[in-house]
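Sequences and hints are given; from them, build the entire structure.
Those sequence lines, one after another, are chains A and B.
Here the first sequence is numbered in full-length UniProt numbering, starting from 1 and rising by one per residue.
Here the second sequence is numbered in full-length UniProt numbering, starting from 1 and rising by one per residue.
Derived from the structure by calculation, the hints contain no laboratory data.
Please note: incorrect hints may appear among the correct ones.
Identical copies carry no separate label here, and so any pair may be met within one copy or between two of them.
Derived DSBU-like pairs: lysine-lysine, alpha-carbon spacing no greater than 35 Å straight-line [said to hold, decoys possible]:
{"no.": "1", "residue 1": "Lys-111", "residue 2": "Lys-173"}
{"no.": "2", "residue 1": "Lys-50", "residue 2": "Lys-183"}
{"no.": "3", "residue 1": "Lys-137", "residue 2": "Lys-10"}
Since the model is a prediction, treat every value here as computed from it, not as a measurement.
Number of protein chains: 2
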Amino acid sequence: MNFVEEKILKEARVEDGAVLKVDSFLNHQIDVDFLNQIGKRFKELFEGEKIDKIVTIEASGIAIACICAQYFNVPVVFAKKTESKNLDKETYKSQVYSYTKAKHYNIMISKRYLSEGESILFVDDFLANGMAAVAIKDIIDQAGAKLAGVGIVIEKGFQEGGDELRAKGINLKSLAIIDKMDKDCISFR
Amino acid sequence: MNFVEEKILKEARVEDGAVLKVDSFLNHQIDVDFLNQIGKRFKELFEGEKIDKIVTIEASGIAIACICAQYFNVPVVFAKKTESKNLDKETYKSQVYSYTKAKHYNIMISKRYLSEGESILFVDDFLANGMAAVAIKDIIDQAGAKLAGVGIVIEKGFQEGGDELRAKGINLKSLAIIDKMDKDCISFR
Numbered sequence: 001m002n003f004v005e006e007k008i009l010k011e012a013r014v015e016d017g018a019v020l021k022v023d024s025f026l027n028h029q030i031d032v033d034f035l036n037q038i039g040k041r042f043k044e045l046f047e048g049e050k051i052d053k054i055v056t057i058e059a060s061g062i063a064i065a066c067i068c069a070q071y072f073n074v075p076v077v078f079a080k081k082t083e084s085k086n087l088d089k090e091t092y093k094s095q096v097y098s099y100t101k102a103k104h105y106n107i108m109i110s111k112r113y114l115s116e117g118e119s120i121l122f123v124d125d126f127l128a129n130g131m132a133a134v135a136i137k138d139i140i141d142q143a144g145a146k147l148a149g150v151g152i153v154i155e156k157g158f159q160e161g162g163d164e165l166r167a168k169g170i171n172l173k174s175l176a177i178i179d180k181m182d183k184d185c186i187s188f189r
Numbered sequence: 001m002n003f004v005e006e007k008i009l010k011e012a013r014v015e016d017g018a019v020l021k022v023d024s025f026l027n028h029q030i031d032v033d034f035l036n037q038i039g040k041r042f043k044e045l046f047e048g049e050k051i052d053k054i055v056t057i058e059a060s061g062i063a064i065a066c067i068c069a070q071y072f073n074v075p076v077v078f079a080k081k082t083e084s085k086n087l088d089k090e091t092y093k094s095q096v097y098s099y100t101k102a103k104h105y106n107i108m109i110s111k112r113y114l115s116e117g118e119s120i121l122f123v124d125d126f127l128a129n130g131m132a133a134v135a136i137k138d139i140i141d142q143a144g145a146k147l148a149g150v151g152i153v154i155e156k157g158f159q160e161g162g163d164e165l166r167a168k169g170i171n172l173k174s175l176a177i178i179d180k181m182d183k184d185c186i187s188f189r
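Set out below in structure tokens:
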């Protein structure tokens, strides 16, 4: 059992059957020492890949991306979900459906911050249906950049996203893959 | 001139008169080395204060809070702006108006992650009218915790928020205070 699996067993809670609450350490309260362990592990897992930039999606991905970036010595870019005066008009854009929020939304990255030929590591807290990763790949393709890898903290292995990304040849590394979970038990692959 | 003022002069852009675009290093693309300088500086400025937790607001505050937390050895909690299945029903809640997004929104922190007697450092990228800081103070008061300090990267000194917070006795430290800005010139206090 690795440190992510241990952390999940110790602190996560399963609610309503399909919601894994990790808000005590990953996406509301944040355990920064734990994120540093994740950063080190991703650095090992993607050793040998050229990484120019780490990309994630606001909000909960930002914490992971920034701590990880310290191990790769690269900048972070986070995709935004809402238009604002702080976002350029010229963006790469793609659509995602969120099951936890039950709605479609766009994710956007300013054209200024993704360049042709750049090699990108996408990191996120969860992978379930894989739609966020597919949308990020779409944006990276629009920019003429390359998706060098996808680093996920927790993959819901009982949903299809991870296996679909692997079948497409994407270099996906998930630190914990949950194959089954309910209120009383969480089983890892 | 300090490192934040230098960074602003080198990389920020003023658009539409009142929008300071720092999206190349602070709130879209993120310069993690720069955030580490900020973390070190806040640690110096709040030396002597007991800090149990760093609180911020999603999304752009998260990067600053997580890097800073490494210098304070404390967890981060970020206030959420939207309801979701990942957020507890039992929350402390307060309302903020965003000028850049031109709307009111609630910010929420689960009651689980703020406790009576805790001493909190609130950090954020910008301070303008100060409404976000007032809402965070309201939430901290609801929890029976204490606002030990407010650490801001860029204060818009030509808006009233900073001076109002100081007048209330809040321990506010802003790394750069802009007294005047237009397309051609940015003047610091």
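Evaluation of the provided hints:
Proximity of Lys-111 and Lys-173 under a CA criterion of 35 Å is satisfied in both settings, with 27 Å inside one chain copy and 34 Å between copies. Taking identical chains as interchangeable, the C-alpha atoms of Lys-50 and Lys-183 are never at most 35 Å apart, the minima being 41 Å within one chain and 38 Å between chains. Proximity of Lys-137 and Lys-10 under a CA criterion of 35 Å is satisfied in both settings, with 33 Å inside one chain copy and 32 Å between copies.
Checked against the numbered hints listed earlier, the structure breaks hint 2 alone; every other hint is satisfied.
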